[in-house]
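Student: Chain by chain, the residues:
Number of protein chains: 4
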Amino acid sequence: MAGSTIGTLFKVTTWGESHGEALGVVIDGCPSGIPLSEKEIQIFLDRRKPGKTTISTPRQEDDKVEILSGVFEGKTTGAPISMLVRNQSQRSKDYQNIAENYRPGHADYTFDVKYGFRDYRGGGRSSGRETIGRVAAGAIASKLLSTLGITLLAYTKAIGPIEIDPMKFNKDFISSTPTCMPDSDASIEAEKYMQQCMREYDSSGGVVECRINHVPAGLGEPVFDKLDASLAKALLSIGGVKAFEIGDGIKASLSRGSENNDNFIVKDEKIAKATNHSGGVLGGISDGSELIVRAFFKPTPSIFTTQKTVNQQGVETEIRIEGRHDPVIVPRAVVVVESMCAITIVDQLLINMTSKLDSIQAFYQK
Amino acid sequence: MAGSTIGTLFKVTTWGESHGEALGVVIDGCPSGIPLSEKEIQIFLDRRKPGKTTISTPRQEDDKVEILSGVFEGKTTGAPISMLVRNQSQRSKDYQNIAENYRPGHADYTFDVKYGFRDYRGGGRSSGRETIGRVAAGAIASKLLSTLGITLLAYTKAIGPIEIDPMKFNKDFISSTPTCMPDSDASIEAEKYMQQCMREYDSSGGVVECRINHVPAGLGEPVFDKLDASLAKALLSIGGVKAFEIGDGIKASLSRGSENNDNFIVKDEKIAKATNHSGGVLGGISDGSELIVRAFFKPTPSIFTTQKTVNQQGVETEIRIEGRHDPVIVPRAVVVVESMCAITIVDQLLINMTSKLDSIQAFYQK
Amino acid sequence: MAGSTIGTLFKVTTWGESHGEALGVVIDGCPSGIPLSEKEIQIFLDRRKPGKTTISTPRQEDDKVEILSGVFEGKTTGAPISMLVRNQSQRSKDYQNIAENYRPGHADYTFDVKYGFRDYRGGGRSSGRETIGRVAAGAIASKLLSTLGITLLAYTKAIGPIEIDPMKFNKDFISSTPTCMPDSDASIEAEKYMQQCMREYDSSGGVVECRINHVPAGLGEPVFDKLDASLAKALLSIGGVKAFEIGDGIKASLSRGSENNDNFIVKDEKIAKATNHSGGVLGGISDGSELIVRAFFKPTPSIFTTQKTVNQQGVETEIRIEGRHDPVIVPRAVVVVESMCAITIVDQLLINMTSKLDSIQAFYQK
Amino acid sequence: MAGSTIGTLFKVTTWGESHGEALGVVIDGCPSGIPLSEKEIQIFLDRRKPGKTTISTPRQEDDKVEILSGVFEGKTTGAPISMLVRNQSQRSKDYQNIAENYRPGHADYTFDVKYGFRDYRGGGRSSGRETIGRVAAGAIASKLLSTLGITLLAYTKAIGPIEIDPMKFNKDFISSTPTCMPDSDASIEAEKYMQQCMREYDSSGGVVECRINHVPAGLGEPVFDKLDASLAKALLSIGGVKAFEIGDGIKASLSRGSENNDNFIVKDEKIAKATNHSGGVLGGISDGSELIVRAFFKPTPSIFTTQKTVNQQGVETEIRIEGRHDPVIVPRAVVVVESMCAITIVDQLLINMTSKLDSIQAFYQK
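Residue numbers (our numbering), protein chains in the order written: chain A, 45 to 410; chain B, 45 to 410; chain C, 45 to 410; chain D, 45 to 410.
It is possible that some hints are incorrect.
Because identical chains share one entry, a pair is satisfied inside a single copy or across any pair of copies.
Unchecked claim - No more than 20 Å apart at the CA atoms, straight line, and that leaves these computed lysine to any residue pairs for SDA-like:
1. 236 / 255
2. 295 / 193
3. 352 / 118
4. 295 / 253
5. 311 / 157
6. 119 / 244
7. 108 / 94
8. 295 / 207
9. 295 / 205
10. 93 / 118
11. 352 / 362
12. 93 / 205
13. 108 / 66
14. 119 / 157
15. 314 / 362
16. 212 / 197
17. 215 / 52
18. 311 / 357
19. 215 / 106
20. 108 / 157
21. 311 / 359
22. 93 / 217
23. 119 / 161
Since the hints were made in silico from the structure, they are not lab data.
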């Protein structure tokens with residue numbers, strides 16, 4: 045049971061269902077004295093809002109965040125930060141036949157087996173709305189990282205077979221294209237592809253990439269809590285993610301040592317790497333170069349054609365899903381991936397870099 | 045710091061360095077009353093032994109396990125099981141230039157930054173020998189799972205560009221081929237490929253696949269501790285793994301909902317799935333079908349050509365690695381992947397399935 | 045930092061400050077299918093309400109709980125249960141001189157040192173109001189335990205020097221006396237004592253005892269996570285608790301083995317103990333007899349005489365606390381002690397009693 | 045199950061039984077670069093050695109520690125430190141009737157219920173020998189603390205009814221008296237008392253006090269992970285401890301606010317307290333004054349008179365324990381209490397004092 049908390053020193057606990065009263069998050073372990081406003085959180089939440097483009101659900105989710113604790117006179121106090129977003133009148137009737145029939149690709153069946161019971165109005169905890177809490181926490185984590193000069197940049201790398209061209213990479217397009225692609229040409233292609241999917245009552249998968257810069261070398265633990273292992277868990281914990289890569293990832297498995305090894309060089313009087321096949325991690329520990337990770341999303345399971353399935357009584361039947369669902373989750377998931385990366389790195393920073401530790405070591409280096 | 049422990053109720057802690065006195069593991073949370081002998085552990089450890097084939101290091105590692113606690117009169121007592129393998133006279137002189145120069149693709153540099161200090165005789169904690177503890181724990185986890193009818197089967201899926209042909213899959217070849225491939229033709233090709241790599245003083249990456257059968261539906265938590273997220277972390281925590289997939293994984297990101305959704309069916313009077321694109325997990329919870337995961341390994345970074353690098357003083361230099369290293373780690377990593385999967389699933393089983401819970405729920409179902 | 049979460053499988057996270065927007069709790073790991081209403085939670089919360097008697101603060105705290113998630117159609121779903129109590133217009137002006145001057149016996153100074161910053165309107169996280177979340181969680185934990193026949197009974201054992209007489213123990217008085225003492229004569233004495241304290245602008249300490257019956261033998265871990273060690277931590281985590289005892293506790297340190305050992309006997313055809321000096325725990329594991337624990341509370345530090353202290357600038361000064369404070373916290377803390385015990389035992393139950401474990405062991409007992 | 049690990053960032057895992065092959069400990073999270081030798085560990089272990097005085101067991105335990113990992117060229121590497129002590133030929137025949145009959149006051153019965161199985165040769169994990177691992181870890185923790193100027197001083201405060209006189213306190217006596225009392229007169233009285241107990245085949249309880257100086261203010265978390273709550277858990281986790289106090293502890297429950305509050309003063313230009321009733325903790329956070337905690341031990345349950353009990357078949361019987369047991373555990377437990385305090389405080393130091401945190405806060409204080 046449990047499993048709604050992530051992090052050791054920067055602990056994030058999410059709660060709430062798609063059709064319950066509200067959704068929220070408690071962040072325990074945020075340093076004190078950090079200016080924090082609902083407005084800053086809202087900027088992140090608005091990035092995951094639907095209804096903005098032709099390729100997202102027309103459902104309106106006017107998710108206004110409320111900070112309930114942990115902030116006093118505009119600054120964090122070190123106490124847990126509790127944030128809440130009220131659910132609004134959801135059209136629950138759309139979801140009525142979910143109660144009886146297991147939607148293919150959804151978690152209806154596994155929830156029923158696990159809990160013997162399910163909030164059948166929507167995905168419950170498996171709903172994409174659960175990510176509201178993650179994004180609110182991510183807003184805070186990103187802010188903490190930015191004070192140390194660490195920046196995160198996530199974007200859509202691919203939608204179905206349409207991939208961005210690295211030569212056309214332009215950061216500005218990420219927020220201006222409906223696909224969150226940093227390549228406007230690929231974005232137009234992807235939109236066309238999505239419109240075709242929608243015409244065919246179908247959906248598509250895709251890929252989100254996140255680049256994290258200025259992470260100091262030395263983060264992550266050498267054995268089970270490797271930095272990349274923690275990032276893998278954080279990204280696989282997002283609904284619909286089926287694969288994870290760091291650096292060259294899968295390509296590395298096809299290549300040779302002479303191709304994949306990154307030579308060390310001296311650059312600006314500091315140790316650096318000539319290439320970055322490793323994606324910024326060696327032996328589970330950050331190596332000072334850019335962290336590059338990718339999350340691979342499966343297509344939205346809610347499609348509008350008739351599908352074969354089984355009902356709660358174990359009888360074969362058919363289901364036709366109605367309602368308003370994103371034909372591709374990827375553009376809205378960009379900020380979720382960014383948030384999970386930020387949360388993971390803040391936790392590692394708090395774990396690793398202890399000033400007392402410095403004092404202890406300094407004692408023996410005298 | 046820390047980070048050498050994995051698991052919540054089935055807790056595995058490894059310790060030891062490649063060139064220290066010994067390596068070992070403490071397993072805390074193993075149920076009592078289970079027959080356990082050193083012989084059973086040794087069978088697993090022998091599967092990761094080098095020196096058996098032409099494509100592995102000729103280094104002899106005669107790793108004999110000793111059980112120091114937790115077993116009485118041949119049965120587990122419920123107390124922590126401590127196991128130890130003594131290191132034998134390693135040819136430390138091979139490693140002398142590691143002390144000064146950072147090996148490309150290795151964790152020498154990141155360890156130096158993190159700890160300000162390093163056991164330069166070998167990889168220390170980043171050595172493949174650290175997996176001895178994991179495999180000893182995996183032997184126990186696999187045994188526990190087998191009593192519930194849960195079986196694990198891991199094997200080499202690819203070495204560099206040579207992949208197995210699913211049509212030629214034969215389980216028996218896994219233990220008889222030097223590559224641990226279940227396809228003898230692919231294995232011959234892969235051996236040839238590796239011999240070419242070795243002639244060119246180079247190394248290769250590859251892929252390990254693990255199939256887990258008869259896992260009951262309902263394992264895993266719906267949010268951060270999804271079963272696949274936990275497996276991802278467990279596999280990425282193995283040195284050299286750069287990507288993780290479950291089910292169709294990356295392919296799912298390219299496909300459409302109509303292709304990727306698995307229809308539910310009734311089979312043998314039970315709910316099942318017509319296909320298994322999901323790889324046995326829906327919404328982070330096992331769905332009762334076969335779990336299929338893949339770990340993608342980078343090529344061994346120890347290659348025997350001269351490489352450019354930087355030394356501890358931050359000066360550019362060259363390094364020529366000597367010693368005896370596996371040109372491909374994959375065949376020896378098969379049992380490590382299997383072990384990490386087994387450890388992860390046992391932990392989830394102990395967490396999820398509580399009889400008192402059953403009693404509590406039964407109370408209200410009366 | 046962090047530290048607002050307790051429990052491994054039954055995880056309780058509290059948040060909120062005395063003078064913030066709201067206080068609340070997230071309970072992650074509650075089994076599904078349990079009927080649960082706000083009314084049941086409210087009964088527990090009302091037990092910690094002030095203003096009911098002459099010996100408690102006249103401050104009105106009309107704490108109405110709202111369940112925001114984890115319950116559907118009146119039953120728990122297995123998802124995190126989020127509960128919230130809004131703070132009402134607190135007379136913050138009473139607290140103005142706290143901002144400047146450190147109240148003796150309070151956490152003002154330690155919070156300022158730790159966080160460099162403090163919500164000076166009240167105790168913040170060190171306020172007694174933080175226990176609202178604990179009690180809401182305790183209501184659920186108690187309910188779960190009651191389905192297994194496990195009952196908890198907490199009461200005031202002493203207020204200052206006035207102790208209950210075990211010969212006059214009557215459970216019914218606990219809820220009817222203003223002191224929560226199960227001895228009405230002692231209660232009258234204690235009331236008199238408190239009125240004298242109040243006349244002298246002073247406060248008093250006291251003791252809460254909790255008896256837990258029908259806990260099955262076998263709960264608790266033999267080393268660091270002993271059942272009594274976990275209870276000690278749970279009770280010491282309540283503000284103002286300065287000591288903890290189980291069974292004979294301190295008296296045991298004065299006695300001899302021949303006095304303190306409990307002989308085993310057979311009673312109703314089951315193994316039992318002739319006496320219960322151990323307080324229900326042997327070697328950190330429940331022995332099947334009644335669990336008896338005690339929490340010793342210091343006197344309320346808010347007293348209304350002038351006290352010497354230091355201000356934030358490190359200058360000696362005087363402080364005269366105003367406002368409305370309980371002259372003794374003990375009667376209101378009774379339900380908090382009961383709740384922390386219930387939370388601790390539910391967590392141990394979920395950890396210990398796994399049906400799969402039973403299956404594994406059964407496999408070898410065949 | 046599990047439960048053999050304590051600590052979040054300074055993680056201590058003990059293993060081993062009284063009559064198994066060996067006992068040991070893995071310490072994960074020790075900072076790198078700290079000089080460490082087996083000799084330093086041995087000094088701590090020798091403090092818990094029996095057989096030195098007339099009031100301890102004549103049993104010889106020549107416990108020689110071996111460091112197996114985590115130390116290279118005499119310095120810690122940051123990797124887990126594994127330490128081992130081999131058990132020597134124990135006179136197991138002494139313990140034969142334990143296999144059948146439950147010893148009163150021991151954990152034989154609770155282990156049998158919990159595990160359905162027990163290493164009947166001795167206490168197994170409930171043996172005092174389990175503390176070997178704690179003390180080895182404590183030696184390291186104490187060393188780390190000493191580099192920050194933090195000192196720990198533990199000693200026997202009472203044996204049975206014989207208590208030390210604070211007026212006669214002399215630190216030097218702690219290591220020279222057989223009782224570990226800092227008052228030689230009380231020590232002589234206590235020896236006499238113990239000899240009487242031994243003549244009557246009986247045993248005695250007692251109290252260990254630990255004073256910790258120069259702990260910086262600001263350690264500990266305000267809610268569940270209060271510094272005193274963590275210390276309580278750490279000390280109650282030692283076998284035989286039945287109560288815990290910090291500062292005035294139980295006396296505080298009898299006193300009034302005007303007596304118990306510690307006034308803040310300025311001393312040596314720093315904020316200090318005029319008295320220390322709090323024992324160095326306010327609101328769960330260290331206040332910069334001396335930490336004073338007490339652990340109350342029950343009498344050794346192994347007494348040499350005939351006792352009534354029940355056997356494994358649930359039949360009433362008698363038991364007469366033989367062998368060599370300490371008539372009072374307290375003098376040998378002094379170093380165990382000191383070790384558990386040191387471990388707890390090091391963990392809190394690593395958790396609390398992050399330099400990055402300092403940087404983040406500094407960013408906003410500009």
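Student: Run every hint past the structure and note whether it holds.
Tutor: Results of checking the hints against the structure:
no.	hint	verdict
1	236 / 255	neither (27 Å within a copy, 38 Å between copies)
2	295 / 193	neither (30 Å within a copy, 36 Å between copies)
3	352 / 118	neither (53 Å within a copy, 32 Å between copies)
4	295 / 253	both (15 Å within a copy, 16 Å between copies)
5	311 / 157	between (56 Å within a copy, 17 Å between copies)
6	119 / 244	neither (50 Å within a copy, 40 Å between copies)
7	108 / 94	within (14 Å within a copy, 34 Å between copies)
8	295 / 207	both (16 Å within a copy, 14 Å between copies)
9	295 / 205	both (18 Å within a copy, 10 Å between copies)
10	93 / 118	neither (25 Å within a copy, 30 Å between copies)
11	352 / 362	within (5 Å within a copy, 62 Å between copies)
12	93 / 205	neither (25 Å within a copy, 42 Å between copies)
13	108 / 66	both (11 Å within a copy, 17 Å between copies)
14	119 / 157	between (44 Å within a copy, 16 Å between copies)
15	314 / 362	between (63 Å within a copy, 17 Å between copies)
16	212 / 197	within (16 Å within a copy, 44 Å between copies)
17	215 / 52	neither (33 Å within a copy, 40 Å between copies)
18	311 / 357	between (66 Å within a copy, 14 Å between copies)
19	215 / 106	neither (27 Å within a copy, 52 Å between copies)
20	108 / 157	neither (34 Å within a copy, 35 Å between copies)
21	311 / 359	between (66 Å within a copy, 11 Å between copies)
22	93 / 217	within (18 Å within a copy, 52 Å between copies)
23	119 / 161	between (41 Å within a copy, 9 Å between copies)
The structure fails to meet hints 1, 2, 3, 6, 10, 12, 17, 19, 20 from the earlier list, while all remaining hints are met.
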